[in-house]
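Visitor: Sequence:
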Amino acid sequence: MLCWPRLLINLCDELHLDTPRWILEIPACKEPWFVSGMESMKAITLVASPLQFRLRKIFVVENFLQRV
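If you count the sequence shown from 1, position 13 lands on 13 in my numbering, and the numbers rise without skipping.
Since the hints were derived computationally from the structure, they do not count as laboratory data. Note that the structure is predicted; figures quoted are calculated from it, not measured. Ideal placement from N, C-alpha and C gives every residue a C-beta, glycine not left out. Wrong hints could be hidden among the right ones.
Claimed, not checked - Subject to a maximum C-alpha distance of 27 Å in a straight line, what follows is the list of computed DSS-like cross-link-like pairs (lysine-lysine):
(1) Lys57 x Lys42
(2) Lys57 x Lys30
(3) Lys30 x Lys42
Said to hold, decoys possible - Simulated restraints on C-beta separations:
(4) Glu14 x Leu46: 34 to 44 Å
(5) Asp18 x Ala43: 11 to 21 Å
(6) Cys12 x Glu62: 11 to 21 Å
(7) Pro20 x Ser40: 11 to 21 Å
(8) Asp18 x Glu39: 20 to 30 Å
(9) Asp18 x Met38: 28 to 38 Å
Full structure from sequences and hints, please.
Guide: Okay, here's the thing in structure tokens:
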């Protein structure tokens, strides 16, 4: 649930759509959230996360949104 606002913003950017205002009003996470609980992945996700996710304290791998 916590990734949905960033996911929607990223998809709107990708599709060149205006981002709905209500999405922008959702605050960042209080605590950082990492896609993996593995300590070794935290350093990788700190660097690889897209800016839109880092701004909300969400740390994922670079290809997190890659689709087939």
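Visitor: Now, for every hint given, state plainly whether the structure supports it.
Guide: To see whether the hints hold, each was checked on the structure:
| no. | hint | in the structure |
| --- | --- | --- |
| 1 | Lys57 x Lys42 | holds (12 Å) |
| 2 | Lys57 x Lys30 | holds (8 Å) |
| 3 | Lys30 x Lys42 | holds (17 Å) |
| 4 | Glu14 x Leu46: 34 to 44 Å | violated (23 Å) |
| 5 | Asp18 x Ala43: 11 to 21 Å | violated (35 Å) |
| 6 | Cys12 x Glu62: 11 to 21 Å | holds (19 Å) |
| 7 | Pro20 x Ser40: 11 to 21 Å | violated (37 Å) |
| 8 | Asp18 x Glu39: 20 to 30 Å | violated (39 Å) |
| 9 | Asp18 x Met38: 28 to 38 Å | holds (37 Å) |
In summary, the structure is inconsistent with hints 4, 5, 7, 8 from the numbered list given earlier, while agreeing with the others.
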